[in-house]
Amino acid sequence: MLLLSRPRIVCVHRVKSALRNPVFWSGIATASAAILLVGAWFVDLRVGVGTSLALMFWAIRRHRAFGSVPEPVGESAAAVAGDAGSDAPDGNGLVPLRDTTIESSLPQSMLRQQRYALLVRAKIAETLDGDLQTQAHRLLWDRMGLVPEGLVDLGTAAGGESSQVWLDPVLIDRHCVTNKEYFEFVLAGGYQQPAFWDDDIVSGLLDFVDTTGAPGPRFWADGAYRPELANHPVVGISWYEAAAYARWVGKRLPCDAEWLKAASWPIATGGGTLAQRRYPWGNTMDRTRANLWGSGPKTTVPVGEYANGVSVGGLYQLVGNVWEWAATPFQLPRGETVPAGAAAPVASGEVPMKSIRGGAFDTYFDAQATCQFKSGEQVLARKHNIGFRCALSACDVANLFCQSEDDLEEAMI
Amino acid sequence: MTPLVTLPLESYQLAKYAEPLVCFVCRFENSFDAETCRGCGAPTALTHQATSPKRAPQMIAVIGPPGCGKTVYLGMLLDLLARRTTGVRALARGAFSVTLQQETVEALASCRFPERTENTPSRWNWVHCQVHLNRRRCPREIIVADPSGDAILGHLEGQGHHPAVSALFARAAAALVLVDVSEVEAGGSDGEYFAVKALSSLDELERKGRRAWRRRPVAVVFTKADVCETCFDDPREYAELHCSSLVQFCHQRFSKVGFFATSVARSDTGPLGSQVPLRVEPRAIVDPFEWLIARTAC
Ligand SMILES: Nc1nc2c(ncn2[C@@H]2O[C@H](COP(=O)(O)OP(=O)(O)O)[C@@H](O)[C@H]2O)c(=O)[nH]1
Ligand SMILES: [Mg+2]
Ligand SMILES: [Zn+2]
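Quick note, the sequences are listed as chains A and B, same order. So for the first sequence, the working numbering puts the first residue at 1; every next one is plus one. So for the second sequence, the working numbering puts the first residue at 414; every next one is plus one.
Hints listed in this document are in silico derivations from the structure and should not be mistaken for laboratory results. Accuracy of the hints is not assured; some may be wrong.
As the list claims (entries may be wrong) - FRET-style restraints, in silico, Cβ to Cβ:
(1) A195(A) to L504(B): 53 to 61 Å
(2) G155(A) to A447(B): 45 to 53 Å
(3) G213(A) to E598(B): 19 to 27 Å
(4) A495(B) to A122(A): 54 to 62 Å
(5) L206(A) to P479(B): 36 to 44 Å
Virtual Cβ for every residue (Gly too), placed ideally from N, Cα, C.
Take the sequences, apply the hints, and build the full model.
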């Protein structure tokens with residue numbers, strides 16, 4: 001009885017609250033604006049070259065205009081999963097067994113696990129029916145932001161000339177990976193499957209345990225996160241764990257340049273120089289826009305917070321909350337500072353370092369929380385303030401833009 | 414012949430000059446206009462200030478070998494207290510009290526560690542501040558010195574004369590004993606021996622025929638704990654695992670002992686073999702200080 005009556009109550013409640021919600025109405029307004037815009041575009045057939053550009057902008061804007069997903073697991077994900085909330089540990093910190101009947105197929109369960117990136121790859125996408133393809137693409141655009149191709153200035157180490165690099169278009173997660181999302185990986189036995197791990201770390205896998213000795217992030221217990229931290233970024237993970245999760249969801253870690261481009265959003269100003277932002281929102285520090293020392297609660301916050309600090313491309317918390325692992329090796333700049341004839345620099349131990357980006361809730365100086373600033377950490381370190389987000393090369397997505405065209409048509413109907 | 418000119422004697426001024434200025438730290442009698450104490454090297458401004466407020470200041474002895482992180486810890490502590498980001502707040506008294514904070518934070522902000530503290534006590538940084546604990550109403554006058562580790566070492570080994578160190582040891586109301594985690598992790602035990610030596614030297618001090626330090630609080634602070642995350646999880650357990658003789662000694666000889674883990678910055682070995690701070694993220698810096706102040710008699 002109870003089970004039967006509950007969904008209806010929830011439904012009624014949802015509709016009511018949606019009508020009361022100003023975001024809903026502003027959503028309606030923006031949607032109709034988008035339809036008009038798209039209508040105009042369909043009429044003007046001369047616009048051929050600008051197609052992909054317009055679509056890209058639409059995709060970016062769409063996300064920002066709608067105020068983005070309020071929670072890491074967006075509506076579309078919830079629709080796919082039935083009741084998405086059922087996976088979180090309950091009040092006792094225990095993880096209830098999943099009702100497997102909800103998932104009718106493997107692709108469905110992959111969507112629920114946020115592994116949509118695997119489904120949009122050309123080889124796999126063509127085997128799926130159209131509905132699933134659409135779902136995967138929706139999820140992709142919902143959860144990731146596009147960083148267009150172009151130049152980015154990596155800056156200088158020791159006052160030398162700047163170094164610009166060209167990047168192909170890449171999709172980057174809008175939010176850092178949350179505890180809840182990472183939990184799917186742990187639950188699916190990710191720590192037991194060598195395929196997801198770098199060869200050199202497979203023997204070290206047994207060290208990646210939580211406070212109770214179960215496989216998982218360092219601050220978890222009994223293989224699960226504290227329920228109140230479900231939507232906080234996962235921390236206490238080594239670089240290898242971040243890389244393994246990324247592989248599991250069909251993505252990878254962003255490299256330094258990609259991260260920097262997403263955050264600083266370079267604009268060519270002519271004369272070969274690039275205008276890059278100091279912070280994702282602009283050039284001056286504004287502590288209301290990021291969780292840093294002195295602005296936040298001195299601990300992590302849910303990944304959807306600080307919406308006013310979003311980047312141009314609609315990525316959240318690039319600066320603040322947690323440092324983010326990048327794929328790029330880290331070395332202190334060792335250029336001119338070594339005098340000629342000096343002894344070879346001493347390496348800082350045998351463990352290599354990877355670059356981390358963006359500052360964290362306990363970053364003390366503004367200058368160390370800029371887009372440009374990078375720090376490093378040893379690959380095996382499992383710190384309280386280092387998390388990650390994933391990336392996906394646009395070329396790895398089949399019909400990246402065409403699919404969203406379908407979305408457009410759908411939006412018009 | 415020139416007539417004798419009689420100048421009016423400003424007797425009160427003369428009296429002021431004639432009266433020696435007794436150093437607050439070491440009790441040495443300085444001339445009134447000396448800038449630093451000839452006994453211990455502390456700035457005489459400190460004594461001028463210390464005698465003016467109604468309540469006499471209390472000293473905290475910061476103890477640790479050279480390079481264990483005293484300067485960096487204290488500089489960051491003072492910056493945190495001044496920024497009022499925590500419950501405890503501090504107001505610097507006198508210009509000299511700002512130098513340590515300023516030099517440390519300036520260095521860290523430009524991705525350097527501060528220069529090594531020189532051995533001469535006149536080059537130590539002295540800090541006098543008014544500390545407000547939230548819980549108690551009355552503000553506390555606190556004096557902290559950033560001593561040179563070499564001077565403490567010299568004092569402990571009986572080499573040379575270190576009046577500032579002996580004065581600090583004898584008169585401080587509490588002790589902050591720093592142990593370098595990076596050294597402990599590298600398998601060294603010099604830091605632990607140093608701490609035990611310093612504490613036993615405190616333990617031998619007598620006041621009115623009793624052990625002077627038995628009831629004074631002692632905070633054992635693991636510095637640079639960023640090199641070992643587990644140290645933060647439970648500093649006492651870490652101490653028992655890695656510095657068991659220190660733990661034993663503390664519990665036998667002192668009634669108020671606390672164990673803490675702190676770190677100021679994550680660092681890496683730079684091109685010239687020196688340490689370069691990769692990022693500044695202070696952790697648990699204020700805790701030991703707050704703990705000490707709350708346990709010293711008002
Ligand atoms: N990793 C790390 N190194 C530190 C920290 N604090 C200090 N250090 C290192 O320890 C060195 C000595 O610190 P300092 O405060 O000058 O030591 P003092 O001689 O006791 O005053 C610095 O140059 C740094 O290399 C810290 O919080 N973390
Ligand atoms: Mg020093
Ligand atoms: Zn003196």
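We went through each hint and held it up to the structure:
1. A195(A) to L504(B): 53 to 61 Å: 60 Å, holds
2. G155(A) to A447(B): 45 to 53 Å: Because 51 Å falls inside the window, the suggested range holds.
3. G213(A) to E598(B): 19 to 27 Å: Given a distance of about 22 Å, which is inside 19 to 27 Å, the answer is holds.
4. A495(B) to A122(A): 54 to 62 Å: Since the Cβ atoms of A495(B) and A122(A) sit about 59 Å apart, the hinted range of 54 to 62 Å holds.
5. L206(A) to P479(B): 36 to 44 Å: At roughly 40 Å between Cβ atoms, P479(B) and L206(A) fall inside 36 to 44 Å, so the hint holds.
Taken one by one, the earlier hints all hold for this structure without exception.
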